[in-house]
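Top line first, the protein sequences correspond to chains A and C. Heads up: the first sequence begins at -7 in this note's numbering, then just goes up one per residue. Heads up: the second sequence begins at 86 in this note's numbering, then just goes up one per residue.
Check the hints yourself; a few may be wrong.
What the hints assert, rightly or not - Ranges between beta-carbon positions, derived for each pair:
{"id": "1", "chain 1": "C", "residue 1": "Thr253", "chain 2": "A", "residue 2": "Val538", "range": "48 to 58 Å"}
{"id": "2", "chain 1": "A", "residue 1": "Ala455", "chain 2": "C", "residue 2": "Gln257", "range": "22 to 32 Å"}
{"id": "3", "chain 1": "C", "residue 1": "Leu233", "chain 2": "A", "residue 2": "Ile219", "range": "21 to 31 Å"}
{"id": "4", "chain 1": "A", "residue 1": "Ile219", "chain 2": "C", "residue 2": "Lys196", "range": "53 to 63 Å"}
{"id": "5", "chain 1": "A", "residue 1": "Gly403", "chain 2": "C", "residue 2": "Glu165", "range": "36 to 46 Å"}
{"id": "6", "chain 1": "C", "residue 1": "Ala242", "chain 2": "A", "residue 2": "Phe578", "range": "37 to 47 Å"}
{"id": "7", "chain 1": "C", "residue 1": "Cys163", "chain 2": "A", "residue 2": "Gly150", "range": "29 to 39 Å"}
{"id": "8", "chain 1": "C", "residue 1": "Val129", "chain 2": "A", "residue 2": "Ser361", "range": "20 to 30 Å"}
{"id": "9", "chain 1": "A", "residue 1": "Ser181", "chain 2": "C", "residue 2": "Leu233", "range": "23 to 33 Å"}
{"id": "10", "chain 1": "C", "residue 1": "Ser182", "chain 2": "A", "residue 2": "Thr151", "range": "25 to 35 Å"}
{"id": "11", "chain 1": "C", "residue 1": "Gly244", "chain 2": "A", "residue 2": "Ile459", "range": "10 to 20 Å"}
Calculated from the structure, these hints are not laboratory results. Note that the coordinates shown come from a computational prediction; the quantities given were computed from them, not determined experimentally. Where a beta carbon is used, it is the ideal one built from N, C-alpha and C, also for glycine.
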Amino acid sequence: MKLVLPNPGLDDRIPSYEDLDRMEKEEAGDRPKWDNKAQYILTCVGLCIGIGNVWRFPYLCQSHGGGAFLIPYVILLVLEGMPLLLLEFAIGQRLRKGSVGVWRAISPYLTGVGVASMLVSLLIGLYYNTLIAWILWYLFNSFQSPLPWAQCPLNDNGTGFVPECQRSSAVDYYFYRVTLNSSASIVDSGGIHWPIVLCLLAAWTVMCVCYIRGIGTSGKAVYVTAILPYIVLAIFLIRGLTLKGALSGIKFLFTPDVDELMKPTTWLDAGAQVFYAFSLAWGGLISFSSYNPVHNNCMQDAVMLTAITGLTSIYAATVTYTIIGFRATEKYDSCISDNIMTLLNAFELPEDSIFTSNYDAAFNHLNSSSPDIILGLDIKICDLQTLLSEGVEGTGLAFIVFTEAIANMPGSPAWSVLFFIMLFCLGISSLFGNIEGVVVPLKDLNMLPQKWPQEARTGVTCAVAFIISLLFAQHSGIYWVTLFDNFAGSVPLLTIGLIEMIAVVYIYGIDRFNEDLEFMVGHKPSIFWQVTWRFISPLIVLVILVFYLVTQVQEELTYLVWDPNSEEFPSLASVPYPKWIYVIIFLLAGVSSLTVPVYALCRLVFLCFKKKK
Amino acid sequence: MLEKILVLLCLPSALAQHLCTPGASDGYKVRLSIKTALGDQAYVWNENEMFLFRATLAFAMRTHFNGQMYNVSNIVVCDETPRVSFWFVVTSPLDTSTLVDRKDVEEAVRKSRNRINSAFLLTDKTLEFIGIAPTLAAPVYPDPPPWLIVFGVVMGAVGAGIIILLVTSVLQKKRKKNEKSEGEDDEEDTRVKTVENGTASDGVYNMSFSDDERFTKM
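Whole structure, please, built from the sequences with the hints as guidance.
In structure tokens:
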């Protein structure tokens, strides 16, 4: 393919094959290296397997047709995720630089891509670590029996529960009131909630100590943070399968609904999930693979990582749904028991006249004989399917549904500790890639002086990030986290990913890239890679990006609030954003995405100016 | 004569009985859920159990009004249902035609609620006095809160980790510097040192211009 944009001086900016071989032999000292291949693979696995695999993928799977969702997921995993993954691995391993360095080497006008990656990683890291801080809060509070979210606090005269808790539930109250003390709108900042500040401090300090010497320390930490979640998931699987109702949960998850495959949103959600799951365009993957030996087989790594990610997602979804099935069955049983008790009390019938198996018959009989009494009673409708599909994604899954389920399991403090340690490990291993994608570009851009030791760079970055993330310690913090989650990561990442592919294929040159892979791995990439890199993957990412922008621009932006005074309480009320939020949204999404063209333009103008002089 | 005595004897209880009606202003409804609480070990509700209930309630009244001699006959029960629920009123020991005020009954029951519950092996939820809210067991909040302790432990460990890592890096750097200066001693004779392209951080120490006086002080 001759379609390559002119790129003068490329050979001067990148090390040649002879340079690479020489550097390999002489083991040139000051660039960090992996101690062994296992560290590298575990770090990448940790980066790709994050909290999203536990709380986003199962929800998508279940809401988009259960078992049938696996079809678009696997297809897009292979056509969209794997090619981009290999691209980042190969370019990092070949050019042996972090994200800014790599794009600067390909073309100085493209440095903006590296800067954009850094900005996105920074914004994502800020709110992601806040989620970790919440997980730490729950972890710290799990070392007591009974668990603090098992019961509502009492009101002043001790005869009942606090009304806010009574109307919602103990777990909701604990999350929104005790943990976050959330205000009713993003506008009321309400001051700083100090327990969250302490947890943020803990989260950033742990991050700092794990990354203090770069991959030297984080490479050791991943032995724990990448492997422990698998062990805990296995324990939970065994425990989950022995609980009542687990199988109804799994059945609910995997029951295929082939009609869902016809809807475009299913495919779009699958594509977006694959993209974000692999942590592409963060810059971390490029950095990590630049520490590899030159002849490392990155093709094999990419395929292996894709397979691991896919299988782990399914594994985590199974475990999650055994627990969700258990909780839904518990709630269903208690709903039926409450109804039975109401009927017995109203009609003064002996206790064993109505039980779960004859409930329907008895209810119908009573309804036909005295419908007016039945109407006056508070008979709730108990539907297992509704309970199974309740609030099961994101923070709602971990902090509300799961905590409730765990509080009902015997030996709950132990299960709670295990669960939150697992979430903590999943989160922090993803953050290693994140912080790599921030610290290394800062060093390459000379914003952190080159002379500083790695420890100082990590320390300063973590300290500054901690101070900025105090924004999320306010009472309105959860709304800011949701804002960042929706806007800081979505559009910029897709844009950067698209530009990366175009840059490598058409500016660096796909032929040169193929030769590089032949030099590094030993054989040229097959026709599959050629087709996906040139057409299929960029097309898929472009389609997802366009659809996403179109849907976002059309709807009025709203967010969900915890407002005890609203009518929908205890459900979250949907409230429109205030007007000034649009500025913030533009800053979050726009600045990172626009960095690429703006940087290129500025450089062009600057050079024209220089020439004129 | 005998009939008159009999009528006179039955009259108070008959009189008292009409004071107890479902919905009586000074009465309370009681509901027991024995099978829910005890499952297989549930006992059957019969006259003897009712007698125990009246006796326990009389005990509660006596405990609250220290001095007034309440008897089983002062507790009047009516409207028993198969659910095992019924109404009761309490008559004053001094005058069986007047009822004890609602509030006093409530306070008496509240005070001895635990004893009443345990007499029947039930709890606040399974032995309900409709209208008397149970005083709920307050959740125990240990002081200092356990999460602060765990937080302290974690921060201490992490802080120690940071200090250890920083100290070891500083020591490593010092050791490297010492080795480098020893290496320079050996290489004093060989004035040439190969330059590695672009890898040494700040250039090469050229031996020919070294501070010879340091080493060759005779």
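Quick rundown of the hints versus the structure:
1. C:Thr253 with A:Val538: 48 to 58 Å: 52 Å, holds
2. A:Ala455 with C:Gln257: 22 to 32 Å: 24 Å, holds
3. C:Leu233 with A:Ile219: 21 to 31 Å: 30 Å, holds
4. A:Ile219 with C:Lys196: 53 to 63 Å: 58 Å, holds
5. A:Gly403 with C:Glu165: 36 to 46 Å: The hinted range 36 to 46 Å holds for Gly403 (chain A) and Glu165 (chain C), with Cβ atoms some 43 Å apart.
6. C:Ala242 with A:Phe578: 37 to 47 Å: 42 Å, holds
7. C:Cys163 with A:Gly150: 29 to 39 Å: 32 Å, holds
8. C:Val129 with A:Ser361: 20 to 30 Å: 28 Å, holds
9. A:Ser181 with C:Leu233: 23 to 33 Å: 25 Å, holds
10. C:Ser182 with A:Thr151: 25 to 35 Å: 33 Å, holds
11. C:Gly244 with A:Ile459: 10 to 20 Å: Taking Cβ atoms as reference, Gly244 (chain C) and Ile459 (chain A) lie about 19 Å apart, which means the hint holds.
Consistency note: the structure conflicts with none of the earlier hints.
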